[in-house]
Each structure stands twice: as structure tokens, then as C-alpha cells.
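This is what each chain is made of:
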Amino acid sequence: MSENPQTADGAVPDPGAEVTESVTEAPPEEVTAELADDMHVATGTREPILVSSGVTMQFGGLRALNDVNLSLHEGEIIGLIGPNGAGKTTFFNCLTGLYTPTSGQVVLRGKPMPQDPARVTEAGVARTFQNIRLFPSMTATENVLVGRHVRMKQGPLSSLLHGPRFRRSEAEAAERAEKLLAFVGLTRFSEELARNLPYGDQRRLEIARALATDPSVLLLDEPTAGMNAQETEATRQLIFAIRDLGVSVVVIEHDTKFIFTLCDRVLVLVQGELLVEGSPDEVRGDPRVVEAYLGAPPEEVSAQLQTGGATVGNGTAEGKSE
Amino acid sequence: MHAVEETPRLSTFLSQIANGLVLGSLIALIALGYTMVYGIITLINFAHGEIFMVGAYGGLATLTYILPTAIATTWYFALPIALVAGALVAMLIAVAMERFAYRPLRNAPRLAPLITALGVSVALQEAMRVFYPGATAALPFPNLFVEGAVVIPIGDGVVIRYVGILLVVMSLVLAFGLERFIERTRLGRAMRATSQDRDVARLMGIDPDRVIVLTFAIGGALAGVAGVLYGSYLNNINIDMGFQNGIFAFTAAVLGGIGNIRGAVVGGLMIGLVKALAGQYMPGGTAYDYVWIFVVLIAVLVFRPQGFFGESERVRA
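Those protein sequence lines, which keep their order, are chains A and B. Residues in the first sequence are numbered from 955 upward in steps of one, following our numbering. Residues in the second sequence are numbered from 36 upward in steps of one, following our numbering.
Just so you know, these hints were derived from the structure itself, not from any lab. One thing to keep in mind: the hints can contain errors.
[Claimed, not checked] With beta-carbon atoms standing in for the labels, derived distance ranges: (1) B:279 <-> A:1054: 47 to 53 Å; (2) A:1182 <-> B:134: 48 to 54 Å; (3) B:317 <-> A:1180: 54 to 60 Å; (4) A:1001 <-> B:147: 45 to 51 Å; (5) B:214 <-> A:1054: 36 to 42 Å; (6) A:999 <-> B:115: 35 to 41 Å; (7) A:1054 <-> B:158: 33 to 39 Å; (8) B:134 <-> A:1069: 38 to 44 Å; (9) B:319 <-> A:1153: 55 to 61 Å; (10) B:134 <-> A:1215: 50 to 56 Å; (11) A:1054 <-> B:333: 47 to 53 Å; (12) A:1209 <-> B:248: 43 to 49 Å; (13) A:1128 <-> B:248: 26 to 32 Å.
Glycine is no exception: its CB is placed at the ideal position from the N, C-alpha and C atoms.
Using the sequences plus the hints, can you model the full thing?
Here it is as C-alpha cells:
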């Protein structure tokens, strides 16, 4: 934390400003165009690429998710909002194979989602975490290269002998990592250890690492948590740019203003159930959403408090994912 | 007058430095396995010393029972074949150990695999004693390299055997190669990622089980190579060699900062030097050289508990 990041050309940036301020610019267009070429995840299909139908998740006596349906189309940005403990992260865990739903199923491009996280990644679903989970003692570049793992082919023997296939695969991966870091605006930190990055930039690095797996679906769990207004705006621009790469995005976020200005469609999850689904305008005006967020009128609040066990239990269920 | 007396002293000192470096680089090779396994699954594999021992016997068996005498006595055939055989046998034992002893305990409390490691260690020693012909006593091991020595003309002369030079060079080359492998390749990055966050590594498409097997295999192969080199240098092996050198190697790994490749090498060399110099200069001579190794360990741990290269604590911003 105390180290001053040094840029490649040797210039030491102003330490105070450097360590606290994250990237605030949108990704450069030419990098976006190049990356879209490299990843070619867009297929132009009009079928939904990710469909969850009737997903239910039971933890002992607690139903963390109940019959959740979602269909995500190519190039779409969907927002998932709801109070704490509503089951948003649990839902993400079901989508990425960390949890096997008690009932219901998740289908990716017409095929059932594998139940092994590694295979899910290979199939084209990537995610970031609510509590940042980078590889702290690896550099930014190395973190992105680990994301490249599933797309790289190197035999153990070839790696030991540094054969031509090894060199080619390393060179390709390094080039992609460089582009991805440029895309999220972290080129100047490429050789810095992940744990030394400013907080907001760690979130961006996690996104770059997820993109390195060539996903067609990206799941972002609270990508702007703890960010200031400029950083949040930069994240919005970044997510638009990711959409422009052809990647479909599902975002969990508490910041409703952020969600309503970002997403094509918004789903509201309350106590494990899908309460409302619709365009930002429809959701914003829905009285049930207002109630879920701001609380019911006083007499109902006291009634709810008596049955409060469910909400607390829900929180525990989400905690398991961490 | 004094200068004349100084020269033999200097030659003794330099001889001990050379001895220390040879022993130290051997310990470093074993320590690499300790430190890698710890780095990935935070297990002190106390049976790792036995892998080193089994590797030496594997090399000896190949020379004695498999190779025709003509080949077994020609160093440029015998050396590489024995090294590869020792490495393969040790690797096989290490992988089997992981598969059948440690993997079933992956999610057990940490004490369980630790006790298992001690059990595996005893089991391997006794199995060797029972099944290897003549292993109840020390067995002669041929020098697999060119006989002879470099003599540096200082004082009484500093004698450095060729096989010792081979040992140091090979150890350093292997350690350097390992570091490059871990730093620069897809599998090496997968190993580091697994050690830092196994769940997220899995989410990146890395199979932690395969990475763990690979770690045991590499550590085992290095220990096997060390076993054959040890036999070739000391010209006899016994079934206790694994326990003794395993403890040194473990100490080396801790001294350097467990989990750290460079630390294991520096720790190994340091222990070799302390053992050789303490045996020469400290009261009690070689009978007490062990004591000084642990004195150094304690001293280092008091001032730098994480070892030379260890990270003090993982900081999560």
C-alpha cells in the first residue's frame, strides 16, 4: 500500500493523488474495436443466450431463491437489485456453478449449464465478486493471464522446454492481457501487485481478468461498491464498452440510480423471489419496489419485524458464498 | 611469521565453505519440495524426506538390478539414467502419497494430514527396510561422475571434488528452472493462483487437484534427483537419510520463508554452510553441528518470523 506505483517510462506520479484515485476515463475506442475482433463473442443471435427457469435454492429449512426466471439476450445489460439478503449473490452462484440449484435449471446457448465452475468459465460465463477476489500477490498482468488459462494450450513438456507452441501461446496471452489492461485503463499498473492497486482499480482489474476468459456472459457483483461519483461514472462507461464487445452483462448493484441509467432491463429480487421485472422506467415507478427499498408504512414494519427471522436467515445464506 | 600460519587456516576455511555449499545445495533441492507443497496446500509434508530416500534407492536399484554392468559403470550413461530413474521413482511415490494419503483429507482439520505425513514417513522407511535387499544396513553407492578433484593451491590446498561441483551446478540450474517455470508459464501461474485463492482459481478454469498433483510430482522429482546426487557424493545410502536431511530441508524452507522458492535455496545453502563451519570451528565439532543449525533457525525466527523471503502477512486491500 505504501509503495508508489511507477509508470513504465519511469515517471513517479504524485503519490497522494495516485493511490486514492482510480481510473475515471472511458475505455479508448480503438482498443475496444481491437478487443471485439479478438474475442468475437457476438453471434448476432436473437435467441436468449442465458436462460434460468424456476431456479430454487434451499439451504436447510431456508429458501434463499424461489422460482427465479431470467432470460438474457445478446448485447443486453440486465440489472439485478434488491435489499440485502434478497438472494442476489446466491443467484449468481447458481449461474456460475458454485451452487447447484435445488430445482430449476440454467441453460446457456441451449445447453444445460455445467455444474463445475471451471467448465462454466470454459462455456463462456465469467464473473466478479462483491468482495474483491484478485490474486493479491500477483501483478495486474499476471492476474489477467490467469484469466486466460482456459483459452491457452501448453503441454507440460512444451512449457519446460520453451518450445515454439509455448512461446506462441505466451505471446498471444501477453498481447491480450496488454489490450485488456488498456481497455480497463490500468496500463500504468500492469507490473504492480494486485493488492497494491487503489480500491476502484482492483474492481476494474477483476473485470479485466473476467474478460480474459472470452465470456459471452459477464456477471458483475456490485461493481461500484465503495466508489465515488467519477469512478462510478467510469464504471458505467466501461460496462457500456463491454456490451459493445458483444458481451451480455448482468449487474448486481445497490445504487439504483446507477442501475436505472445503465440497464436495458431491471429485475427486483426480494426475499428470494422475483418481485418486479421491466424497463428501468417501469421498475422505478412501481410502488412494490419503493416499498421493498424504503420499507413499508410504519404499522406494516412492526408486523414484519416479528417475522424478521427470514431476512436474517437469508443474510446468512448469502454469507456462505464468501 | 603469522602469514605462514594464516594460509592453512584459510585453506581449511575455504574447504569447509565448499563442503557447506555442496551439502547446502542438496538440502536446497529437498527444501524446494517442502516449500512448494506448503505454498499450495499449507501442509508440512513430513514424509518429503522419505521421498528423497526412496529416490536414492530407486537410482541404486536401477544401477544394480536393471542396467548391464558395462553401462552402469560408464558415467555418461549411468549418471543421466540413474538421475531420471531416481526422479521417476520419487515422483511416483510423491504422487501416490498425495492421491491416497492427503487428498482424502483435503477438507479435514489441518492436524489430520500432518499426523498422516508422519505415518507415511515411518511406513516408507519400514517398507524400504523390509523390501529392499540389504537395506537393513547402509548400502554402497557408486560415484556416478568423473573421479577426481580440483585443487586450489592455497595453504594445504583446497580440494573440491568434481562430483561436488556437479551437485552444486545441477541444484542451482534446477532451482532456477523451477522458478522460471512458476513465474513464466501457464501451469506455473495456475500453481500460484491456486495457492492464493483456490476457489477463484477453479473459477478461472484451473483444476486445483491437477495443480496439486503437479506440485507433488515436481517436488518429488527434485527430491529424487537430490537422492541420487547424495548417494553419488557420499558413496553410501541408508534408510535414515531421508529423516535427517528432511529435517534440515524443512528448516531451510522455514528459514528462507516457507512457500518461497528463492528462500528455500538461500535457506538450504545457509544451513549447509552453518553445518560445515560449526563442525569445524565451534566447540564440540561435528557432534554438535545440528545444535548450531537450530540455534540459527531460532535466532532468525525471533527477528524475522516469516523467514528471509516470506511475506509478513497477506495484506488484502
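Each hint tested on the structure:
no.: 1; hint: B:279 <-> A:1054: 47 to 53 Å; result: holds, 49 Å
no.: 2; hint: A:1182 <-> B:134: 48 to 54 Å; result: holds, 51 Å
no.: 3; hint: B:317 <-> A:1180: 54 to 60 Å; result: holds, 57 Å
no.: 4; hint: A:1001 <-> B:147: 45 to 51 Å; result: holds, 50 Å
no.: 5; hint: B:214 <-> A:1054: 36 to 42 Å; result: holds, 40 Å
no.: 6; hint: A:999 <-> B:115: 35 to 41 Å; result: violated, 57 Å
no.: 7; hint: A:1054 <-> B:158: 33 to 39 Å; result: holds, 38 Å
no.: 8; hint: B:134 <-> A:1069: 38 to 44 Å; result: violated, 23 Å
no.: 9; hint: B:319 <-> A:1153: 55 to 61 Å; result: holds, 56 Å
no.: 10; hint: B:134 <-> A:1215: 50 to 56 Å; result: holds, 53 Å
no.: 11; hint: A:1054 <-> B:333: 47 to 53 Å; result: holds, 50 Å
no.: 12; hint: A:1209 <-> B:248: 43 to 49 Å; result: holds, 44 Å
no.: 13; hint: A:1128 <-> B:248: 26 to 32 Å; result: holds, 27 Å
The structure fails hints 6, 8 (numbered hints given earlier, in ascending order).
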